[in-house]
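Novice: Please assemble the complex out of the two chains, which come individually in their own frames, going by the hints.
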Amino acid sequence: MTYLSLDKSLSYGIKFAEKIGAEEVEGYSSSSKEIEISVEKSIPTIKTGVSTGVSFRVVKNGNLGFAFTKTLTQERLESTIKVAIQNANSKGKDPDFKSLPHPSKKPVQNFKFDKKLDNLTSDNLASDLTTLINAVDGTKGLHYLQGQMFLGIVEDHLVNSHGIDITDKGGGFGGFAAAITTKGLIPNYSFGIKGGPSVASFKIEDLIDDTILQTQRAAAPRTMNIEKELPIILEPEASLGIMGSLFRIITTQLTGNNVASGATPYSDQVGNQIAVEGFSLVDTGVNPNKIGSSAYDAEGISREETLLIDNGVLKTFLLDNYYGNKLGLESNGKSSRVGQFGFGGDPVKTQPNISTSSLEILPGNSSKEEIIQETKEGFMLRSLMGLHMSDFSSGRFSVTGFGWYIKNGEIKYPVQGVSISGVLPDLLKNIDMISKERESMLLGDCPYIRFSSVKTTAKKFDLKTRFGLGMLKILTTLKIMKNPMF
Amino acid sequence: MRNFGNQTNFWMEPNLDEDLYKQVFEMAAKENATYVDIRDEDTLYASIEVVDGKVEKSMAGSEAGIGIRLLIDGAWGFSYGSKENYKDVFKMAVDAQKTSKTLSKSTIELAEVKPIRDKIIISQKKPSQDIAFEDKMKLVLTIDKHMLDKDNKIKATRTRYVDFLRRQTIATSEGTQIYEERPYTYLAMTPTAKEGTDTNQAGARVGQVGGYEIFDVVNVEERANKAKERAIKGLEAKPVKAGKYPVVLDGTLNFLFAHEAAGHSTEADFLRTAGVLRGKLGKTLAKNFVNLIDDGTLEYVPGFGGRTFGFMKYDDEGVPVERTEIMKNGILKTYLTDRASAAHFNLKPTGNCRAEFYSSFPIVRMRNTYLEASKDSELSEEEVLGQIKNGLLLKIGGGGQVDPIRGTFNFGVGEVYEIHNGEIGELRKATTLSGNTLETLGKIMGLSNKMADPSASIGFCGKDGQSAPTGTGAGWMSVKVMTVGG
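The listed protein sequences derive, respectively, from chains A and B.
Heads up: the first sequence at position 481 corresponds to 481 in this note's numbering, and the numbers run straight through without jumps.
Basically this note's numbering = 1-based index in the second sequence + 486.
These are computed hints drawn from the structure, not numbers from a lab.
Calculated from the model, a selection of chain A residues having no Cβ within reach of chain B, i.e. all distances over 10 Å:
hint, residue
1, Lys19
2, Gly62
3, Lys115
4, Asp118
5, Ser198
6, Val199
7, Lys203
8, Thr284
9, Asn311
10, Lys315
11, Glu369
12, Lys376
13, Ser452
Under the rule of at most 20 Å between Cα atoms (straight-line distance), these lysine to aspartate or glutamate pairs were calculated in the EDC-like manner:
hint, chain 1, residue 1, chain 2, residue 2
14, B, Lys730, B, Glu912
15, A, Lys8, B, Glu570
16, B, Lys719, B, Glu708
17, B, Lys949, A, Glu40
18, B, Lys724, A, Asp426
19, B, Lys577, A, Asp123
20, A, Lys33, B, Glu570
21, B, Lys730, A, Asp462
22, B, Lys724, A, Glu229
23, A, Lys169, A, Glu34
24, B, Lys727, A, Glu229
25, B, Lys591, A, Asp123
26, A, Lys41, B, Asp559
27, B, Lys540, A, Asp96
28, A, Lys473, B, Glu925
29, A, Lys460, B, Glu925
30, A, Lys8, A, Glu75
31, B, Lys587, A, Glu40
32, B, Lys624, A, Asp94
33, A, Lys41, B, Glu595
34, B, Lys543, A, Asp96
35, A, Lys33, B, Asp581
36, A, Lys464, B, Glu925
37, B, Lys966, B, Glu868
38, B, Lys612, B, Glu666
39, A, Lys98, B, Glu542
40, B, Lys573, A, Glu34
Just so it is clear, the structure is predicted and the values come from calculations on it, not from any experiment.
Glycine included, each C-beta is placed from N, C-alpha and C at the ideal position.
If we strip away everything but chain B, and leave its shape as in the complex, we get (with noise of 0.2 Å):
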């Protein structure tokens, strides 16, 4: 039995329905499936937000499921519902296969990959789980309160916490069952400074794969600290004019163009219809240093406590994950794929393929992505500064959005310095960048390897309205030319 906030025993460990599991299969055999899988998950929820030293919501959950996807004739079928209605939901799923059967003009076909069974607990040492309530708003609250500065120009502070315990089974009729229990913990720390109408708002975030623990690992109050100084310093600081920069990200810019820019175009499922990276396999895309690596394996960072956002051991069809160069020495080496997509593109499954809830479809979703250099073109960070004699560097990834059609972006930055004759200068407002995948691609100009503070590069990537945590910090790297909003 787990504790749930350490006063109920009620949390049932979830029960690996094997009979449930093998009617269904048997029940698609006579519907001549060729595969079926079931994702069974009872998943456990807490949240605390609270706003200027108040606890504005608070909530605890358990969602719970089953999801049937199963393919005959070449098409999918996926439906789902609540466990006890197991026969329901098969009945939708082969009804929506039939209707899909009736639109597809192509024959899905799955990459193949060897059965597993297996049985994932990954650790927490303090499980969130067994946290009280009562703790966790403590330590909510004295965050929020600590964001607040002895000259009162915080004016309003938000902290929000949530742990939610991923507890699912899979199983396939090709013989995988793996029953994962996966933990997530995090905190983000939101100050905003105000002086007459002027605000800045600025951001802060400590989490990891795992538990409670993290905040014994991460000094959070200096993580607090420093988003409450960037809030102060942004709104004394003046504008940087709009236009076009030579640039120097740091670590969670880097992260968030691998994983905006470059990883959301090398999705294979989307890449079946349309994109710029479409077609463009084998082809060098960037200078022959740059390395573009999406990894579920890296579970640490030397130097650094926590887990990464994106390590898992497997995705959602039951396919190990791997440490995937989608770009290897500049050139476009493979896509990030799921069974269907592997296929499609006679390409070997990455174990990429990832669902919200039992309710979503999985689709191709990144893991741990950032960009490195090869090891004899490593730089320093203060070689990686050096390159730029006069322009910008950027700091603190702050969200991003992408079109990977268009392959155009758009990213937050939380702060901005100008840098003159090679010298870090003064501190400019927090602001945008924008850009083109291929050409801001083809424009790196050095990469430093040291990855950045996983626990701070923490991530929730929306995709057809699903969504996925992602990792992680990475090196500092310079680009030619970027375009820096206003």
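Next comes chain A alone, as it looks inside the complex (with noise of 0.2 Å):
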């Protein structure tokens, strides 16, 4: 068997898709190379590779047809081209089609690659890993549970009938942590979350302190008998991080095939207010500081900052061009090859789909120290499980999250298993109070909300539980045992 180049494959199959009559085409090639070092307590996981394939896009008949390989031979190429133009045959003209993009003449913004990336090893991933984890183990109370290191570097190219052909490389380096606390009654544990696409943009060092500070926060936690509408707010890494992201649900009502199906309250509300004055939403791609922020959407239109909730006036959409063109607008560059949430995914395998890049929930008026002290019972909320469970056309949603009880402007302790649940199209207009504080996560930057009143639920352990975890306590406190739990 002859392989091919990941270029000459390209170019290849892009002329292989002309000569059986595709009415226009993009190709695209990848290959992206990843580091993944993860100590489970003791245990370490290496993974490194280096993944490559081709995509097309054909257009027959009116339509548009997707196929890929990872299989870079002739054979391989000319049956992925057949296959796509098969799919697009099968579908029929869509008269909403009108044809792949053309270059873009809106301004560019250009980043620049950090070639420090490439010079990163797993050794210098590994040297991290064990400074956090005896920083951990090094801190009194605390336990090292799991972390993570990571590296993505991704080299692309994209290129169509109409001229577009675009090289670009982007990277990801940062890394998790989760370490465990024993006091109080209750065990718990928290995690810390960093990275951003260049060397100088992570560092060990925050990712240690944001470990211990958090777990530190979690510390024992209790759970209580609570049913009724409460004030909630929610911490930054609730409302957009990895382990919460209840604003995704927005985000997924905004997306251009949503509004085009009607499967959103907000196909007609653009003009609106449909968020309290004071709240308002953006996507940015090209924020330089971000993971996945480029010069090009993944059909090779440039990427912009779009101002979707401007003090609660919904203004856009997110759209390709597609869904720009089918509801008479103009693409704002949000087309995608990664995850659902601009994260994660093989972008070769990946069709172009409207996705968010890097989200950004601006400033408020208050503090966050303002927004505790004025709420007089209700909890603040770190995490939140169950999302994806959501009804994302309505915004109905219950989630169960760990944070904070707050009585009388105070917070009095930590709590496990605290369910709300709620509209959340409903809430936004529900929203009192966003802090001038912001944190910069991962995929965003968020300051503190809160909502006047959530549905809450939460439910004490019952009598055996408590006892049972009492008698652990007093066993390992005795030093009689060692907690099996960890």
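Specialist: Shown next as structure tokens:
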């Protein structure tokens, strides 16, 4: 079997598609390098690899067909093109499809790939992780649980029949760590996560500080019985972070495909007040400090910073070339070949689709302290789970999280198993405080946000469980046994 | 030769590259590797997504490459890449091992298994890869249209078809060499009912390990009808008041609880680090009639036609799968293991090691997971229902998430009925269910062993960024108290 290089595969596939009757062709090639080092307690796992492949979008019979392959032989490339054409043919003509994009006339922000990323080795990442493990284990009351360092570098090439010819190289470097605390009756854990597109944008000390701080804040949690409507403060991680992301419901509702299909309350709401004044949401694919920012989107249209909600007023949607045309608007460069929330996924296998890049919720007027002080009774939540089970068309959600109980303007103690539920589009009108302070996270920048009233449920551990935990605490404190949980 | 889409005879049978494997083993021997495995994969994909009666996305492709994992001096090295670059892949794996060794504080050992040479082709009466794209599209378009109702309450529909044929050779330095073709075919339907600003989404699935014949075995239109009715009735229903209730869970929620809450907490790779069930082997966790099963050998459920979604012959270390009694008569008997975690806990390998792709590091995953009653304590569905005088009947599980360290979980529930004086009462809106794994296990009051249709209980479980097909629906169960969302 003779294998072709990535560039030859791309040009061979495009020529073959034209030869067998494709009306338009877009070819994409990608070579991505990955180093991922994780240590769970004392057991390391290291994964390194290079993934290469090509994908094609072809136009035939007035519609698009997509196919990909990781096997770069002439025979497999030809079959990939044939199946892409067959795919397009089967769909029939789409009156909403105009053409593949033409070269963008919009201004383009240049990004410089940090060449230092190329020089990072698994030993560098391992050294950072060792520093982190030692720092966490050296902190009184904390035990290292797990951590991961990651480095990803993607070189890609996009070519289409209308003259788009873009090569790009981007990267991401960062880490995640979790630690456990045994203070109090119930052991608890928390995590830190940091990263950026360059070597300089990530410092292991920041991840260490964050992991230690967050775990110390989580120490000695309780469970409690609550069934009422309460003010809820979302920490930035719960709003836009990897372990929360409640506002991803809204960005999903603002994607052009959901707008076009009516699977959102916002189809006809541009220009209308959909949130309280003071709430502004921006999608920016051109923030040089965030992973995934780039000059062009997945179709070769220049990326831009898009103000989606301005002081509560809906301004526009997240659009690619197809849905821009379909909705009578212009693409704002939101096409992506990565996962649903602009993160993860295999760019070769992923058909271009609309996705956010990095998000920003703009700061408000209150301080974080004022928000807490003005909360008579409520919770401040940091991590949420179950978001993917939400009804994304209505925005109805019910998630369970970890956070802190607030009483008479003071944080009292951490609480596990707090469930909140509601309809997020309704709750956007229920935001009554937004902090001046923002946290910079992996995929966005976000302030502390308070909803004035949210359905809240929590359940206290039953007597048997509390008794068991109490006995365990006594036995481990007296060093009669080790805590078997970790 | 296998057809793809019935038109292009190009998807060649992958080769068993025994010479390549031999070369890798020889290179590994020179590095003093005590164990090496190679996963050589060439998987075929096709998917179609129809939204509101129109094909929104469709694709086909082939994912191919090799992953090499080697064990030297008690530390793993793993790398992946394209097959033609196997020498580079091997070198990267060796380098990864060297870094891994610097991080290791313990030594990886592997539980012993017998080497196996086998070739497994899981049959498809109608191979999905041989069905023309046009025919697949016709099916998806027909079903999507079928979800519309005469009163025009269903405002949005989404129907997604996927088939993939996983073709993989596992070759180990111990002499195991298994070539397996495992096909998956499924259809997911999501109608959304809307009135004013209120919307309600429902979901239904049809799928199996196998081919296109599943659509002859299952009445897909009937299942689409039920999803449509659920969306409409759920829209009209009032929400359930958030709080704690005695509940009856149907078979899909039995599967969800068994998988998410109980099953994940017994995965031994994770338990090496932490978890609520760590240190609980031999302990009583539930009443003496409760059994937790994870069964990869369960091919068919009597009375139903489709193969279960967690069926397989070997795991991704080449270990034969088995019916594992994780918990028997309420006592935790074993964890789910791969070879390394089995050796760590001195357990036997249960055949639970799975990797999504050649590029994924294999980890412990479930297969078909459910709770069943001991034979002499088995109840009928009616008897299970009769155990709850006033509470809720919860049906149609809709995804879930668990925090195996804190032991908290959160599930989606598609259909909620009130139970009044032991009678099924009014329908309530879709909701969520949350709780604590250990507490909930101890509160199971009764179980029916009447298994649900496996073609409706197909799941994709996410762990460490990898997805794995899992099943399967079991019998109804009653729980003294659980927290229901709102």
